[in-house]
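*Asks:* Sequence order for the protein chains is A and B. Everything in the first sequence is counted per our numbering, starting at 465 for the first residue and increasing by one. Everything in the second sequence is counted per our numbering, starting at 50 for the first residue and increasing by one.
Quick caveat, the hints were computed from the structure, so don't treat them as lab data. The hints are all genuine.
No farther apart than 20 Å at their CA atoms in a straight line, the calculated lysine to any residue pairs in the SDA-like style are these: (1) B:Lys120 <-> B:Phe197; (2) B:Lys387 <-> B:Thr85; (3) B:Lys120 <-> A:Asp522; (4) B:Lys120 <-> A:Leu527; (5) B:Lys254 <-> B:Ala315; (6) B:Lys120 <-> A:Ala521; (7) B:Lys120 <-> A:Gly523; (8) B:Lys120 <-> A:Ile528; (9) B:Lys120 <-> A:Ala524; (10) B:Lys120 <-> A:Ser525; (11) B:Lys120 <-> A:Leu513; (12) B:Lys120 <-> A:Leu518; (13) B:Lys120 <-> A:Pro526; (14) B:Lys387 <-> B:His309; (15) B:Lys120 <-> A:Thr520; (16) B:Lys120 <-> A:Leu517; (17) B:Lys120 <-> A:Arg519; (18) B:Lys254 <-> B:Phe296; (19) B:Lys120 <-> B:Ala192.
Here the structure is a predicted model, which is why all the values come from computation and not from measurement.
Okay, here's what each chain looks like letter by letter:
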Amino acid sequence: MGTAAILLWRGLLYRTRWLLWLIMLSAPFPYIATTAGWMTAELGRQPWLVYGLLRTADGASPLIHSGTALFTLLGFLGLYLLLGLLFLFLVFETIHRGPAMADGHKPVGSGY
Amino acid sequence: METFWFMVVTVMLAIYVVLDGFDFGTGIIYLLTARTDAERRTALAAIGPVWNGNEVWLIAAGAMLFFAFPKAYAAGFSGFYLALIMVLWLLMFRGLSIELRSHLDHRLWRTFWDVSFAGASLLLALVFGAALGNLIRGVPLNADGYFFTALWTDFLPGPEPGILDWYTVLMALTSAAILTVHGANYLAMKTEGELARRANRIGEKTAWAVLPLTLTTIVAVTFVQPSLRQNYNAHPIGYALPLVAAFGLAGTISFRRLEHHVKAFASSSVLILGLLGSAAWGVFPNLLIATTGPAYSLTIYNAAASPYGLRIGLVWFVIGISLVFTYTVYVHHLFWGKVGLHLIEGGH
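Given these sequences and hints, build the entire structure.
*Replies:* Right under this line is the structure:
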């Protein structure tokens, strides 16, 4: 990032192909980092829900049937799968459409 | 102190209903009023900059309930688990529809999100009405302070009711009708041309449906939850609240006819605040009324957090709510006035 900032300041970034490739390929890393961070926090705290105060087993709702929980888990999985596919689809659409034209013509997709 | 936090939670919920209520209302009448693609984009642009911030009030009200009355929060969110998850899914689909619709210039894509936006808005208006109905009717709390309700049982509000019974369905319809009027008032105020005229017409017609529905609901309450009358008998000043609501309804009907859009919108806001205030006046000091007997009810006293926590929370609440209040007023002020298509042509 530091190298990229210096190159951008020098006006050389857009001609340094190897670094542009590297930046493009690092797109998934923020997603991996946030997910890994969450997992470290949530899994690392087990078996506590509130560290040292409340165990996960004691924090569960007593009257919710496991079938209901499974249903909502599957619902969320399905919903996020759909969202993930839509996200990829729209990202590829945007890439396919390319950047805005030099004449200021705006591609569809901004605003409502 | 507990009374103060009860007021905090109810006032925040009421502000939420007024604010997000017009988003839902706009969604309900969306397919009917906005026919062309340009009109639909205008309708979405009318709520575009504010709907997201409006929903913060729901989350903040939930967080205040969690903070001040953890027992009621635990019981409510466990007991209404499935219903609340469905609310969450609907809120997600509604938000996605608004944000994704115009990303792709394809008829099927846009129609899908348009229908999803309108459908989710209508269902949410119904569900929130039914939810308020559940709070007034009461839920079957057990000795541990928990309850479970099926989505529906025999549609009768007995000691073991379902989330949907004839009373909560009536509340759902009333809520949807009121929010339709509220949304129509908003859209008529924020847009112009054919779109505003159609919103005006729907608002005018639906306001007349609100009158019998609200009256039936009020009469039904006295049978479903007679205990509400105690507060009104003990403190008759509370009767001012339903009176305020009546003024709101009269205002929205007459200003609608005169096409004073801002005043009509203010009136439907007063109507909502008056009705929610009436409900809160009646249920106080209960948070969750038990159908299994008053001893099991969760009140602001037996569900409250420790006095020390409530005192500390007061400081942070004042800081937090000042910020939220400031940006809510600021963003609504910034986007005050009508949205025309010429404004959104180049994005927003």
